[in-house]
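Given chain A, put chain B in place with the hints provided.
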Amino acid sequence: MPLYPPPLTRLIQELGKLPGIGPKTAQRLALYLVGRPPAEVNALAGALVDARSKLVYCSRCFNITDVDPCRLCTDPRRDDQVLCVVEEPRDVFALERTGEFRGRYHVLHGAISPMEGLGPESLKIKELLRRLQPGTANSPQIQEVILATNSSVEGEATAMYLARLLKPLGVRVTRIAYGLPVGGDLDYVDEVTLSRALEGRRSV
Amino acid sequence: MRVREVQLEDFRNYPQLHVACDARRVVLLGENGQGKTNLLEAIYLGLTGSSFRTARDREMIRWGQSGYRVRLEVEREDGPAEVTIATQAHADGGGASRRQVRVNATAVAARELRGFFSAVVFTPDTLFLIKGGPQERRQFLDELLSQASSYYRHHLQRYQRVLAQRNHILQQAAAAGAGRARSQLLETFTDVFLESAARLWERRLWAVSHLAKAAAQAYQQIAGSSEPFTLAYESEAVPAATPVAEVENSQDWVTLRHWLERRLEAVADLEWRRGMTLVGPQRDDLRVMSGRVDLRTFGSQGQQRSAVLALKLAEVCFLEQQTGRWPVFLLDDVLSELDPDRRQRFLRTIPSPTQVWITTAEPELLRTLQADDPKGGLDDLVLRVTDGRMEFPRME
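Protein chains in written order, with this note's numbering: chain A, 57 to 260; chain B, 20 to 415.
This is chain A alone, in the form it adopts within the complex (with noise of 0.2 Å):
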């Protein structure tokens, strides 16, 4: 005889196959949902359904959006001079939480990683490459592309790889500083961050 009932089986499976969830969670999660109001649940279903219906990804700069083209590249206030290339859509979200910047996004999709299969082939280099071609009158050309990838050796080789490629086409590259957390004290900065920071130094 089956544990659970067969629909609360389909629940848990189900949940299970979400990031971060095992089976444990799935099962707790699952008991929970099965025990609110329906109007809770049909809520949360709709939420699932509705989101996953109405978001695509934006065919300009590939982050998730409700409109094609989205609002960070339609929006006229922003610099279309200036492109920073992230690999994750939560990337863009962090760097608009700063309020700091005011150019276009460009999002990967990942970063090249040759083990996992990941070449630059799969990734949104191409799509990136026919935004950099010369402006026209409605779309001006991008001065500057800021490469804000991981650091971590796939994000670091991502960068170089397109710093490779888009130098030749005349554009400014950038990559993003690394660096001490503002606000906090010298001695509370852990050695690998203090040398990056060391090493990152500029005159003033």
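Don't take each hint at face value.
As the list claims (entries may be wrong) - Covered stretches of chain A (chain B as the covering partner; in silico rule of three or more C-beta atoms under 8 Å from a C-beta of chain B):
(1) 119 to 128
(2) 227 to 236
Stated by the list, open to error - Short derived list, chain B residues pointing at chain A, Cβ under 7 Å:
(3) 169
(4) 177
(5) 184
(6) 187
(7) 188
(8) 207
Hints in this document: simulated from the structure, not taken from any laboratory.
The structure displayed is predicted, hence computed values, not measured ones.
Every residue, glycine too, gets a C-beta built ideally from N, C-alpha and C.
Leaving out everything else, chain B in the frame of chain A:
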């Protein structure tokens, strides 16, 4: 640094153990298989976050139990500290066990322990450091530098990752068999590889220059000879006798990066054929010589033993220089293999602030220790280990 108290629960063959050990030298006396090494393992685990015998946490849980707990009271140069490591295995018997590490009741990651404590262990297997393959000696340097600096740990990890990526690219290329071609992808990963490799080299060269002096002194004392002892970093890509400045703020790695780049260029065709990275820190070695004799291949048993002891003593001194703390020195069944003269000279070479743990099955060894310290001023503690229990015999 000194371990003052050890408390174990369900660790290896110890159901319960609570022992005070506030002494400069602690001797664990007992037959084989009674739990002497297990106790050293628990201390090493508490001080470094890893075992010197196994990478699998579960193996350290006492047979039939679901978890272990290790607690150490440690007197450090910068104040006392308490460390606990507790593991709970999964009830279903599968998967990894859950481990909790605390220093002074604050949770830390196991790898962070190296920032609080340090330990150097010597087992009969340590002899492979001299007579074993080059990877034993590379691992010695990597572990030493990882204990001393989080910067090295960081770059070592990156380096291992990027080496695997680079090898993967070359392997694919070799399998395709098309021969050398321009590859943006390979060039990119080579850049990242150079970056980490050069930093490892800089630190390794610098560490070897420090170790060489301390080890040469220790070797002559232990061997009781004036034969010159030399320790050198051996690398196909780094010219011998490369001067390395003090590492703080040094830019030597830029030069080293340049050398490696040129060497890689020279072996590029071969790399494309063989499908792997052919130069770099992963292929280097330590040369250990006494006079003109390469001890790795031509050393006598006695010379190899003296050399390995000298390297370990140099490690103790190096860690003290780098961290300001004398590591706890754990000697598992080592003294019995030395002749009485070497044994005595070795004991005298150990810097006096170091706490030493010695295991032995031979009660006669106590006489060497006493002879070394006729007035009892060295503060010895002798514990008899029998089947996971501890007694305090009087020194005869």
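Hold the hint about residue 169 of chain B up to the distance rule: shortest CB distance to chain A must be less than 7 Å. Because about 5 Å separates residue 169 of chain B from the closest Cβ in chain A, which is inside the 7 Å limit, the hint holds.
Given residue 184 of chain B as an interface hint, is the shortest Cβ-Cβ distance to chain A below 7 Å? 5 Å, holds
Minimum Cβ distance from residue 207 of chain B to chain A below 7 Å? 4 Å, holds
8 Å C-beta test of the segment 119 to 128 of chain A against chain B, three or more residues: violated (count 0)
Tell me if chain B covers the segment 227 to 236 of chain A under the three-residue, 8 Å CB rule, please? It is violated: at least three residues are needed, and the segment 227 to 236 of chain A offers just 0 whose Cβ sits closer than 8 Å to chain B.
Hey, does the residue 187 of chain B contact hint survive, CB to chain A under 7 Å? 5 Å, holds
Interface hint status, residue 188 of chain B versus chain A (Cβ within 7 Å): 5 Å, holds
The hint names residue 177 of chain B as touching chain A; please verify it with the least Cβ-Cβ distance against 7 Å. Given a least distance of 5 Å, the restraint on residue 177 of chain B holds.
The structure fails hints 1, 2 (numbered hints given earlier, in ascending order).
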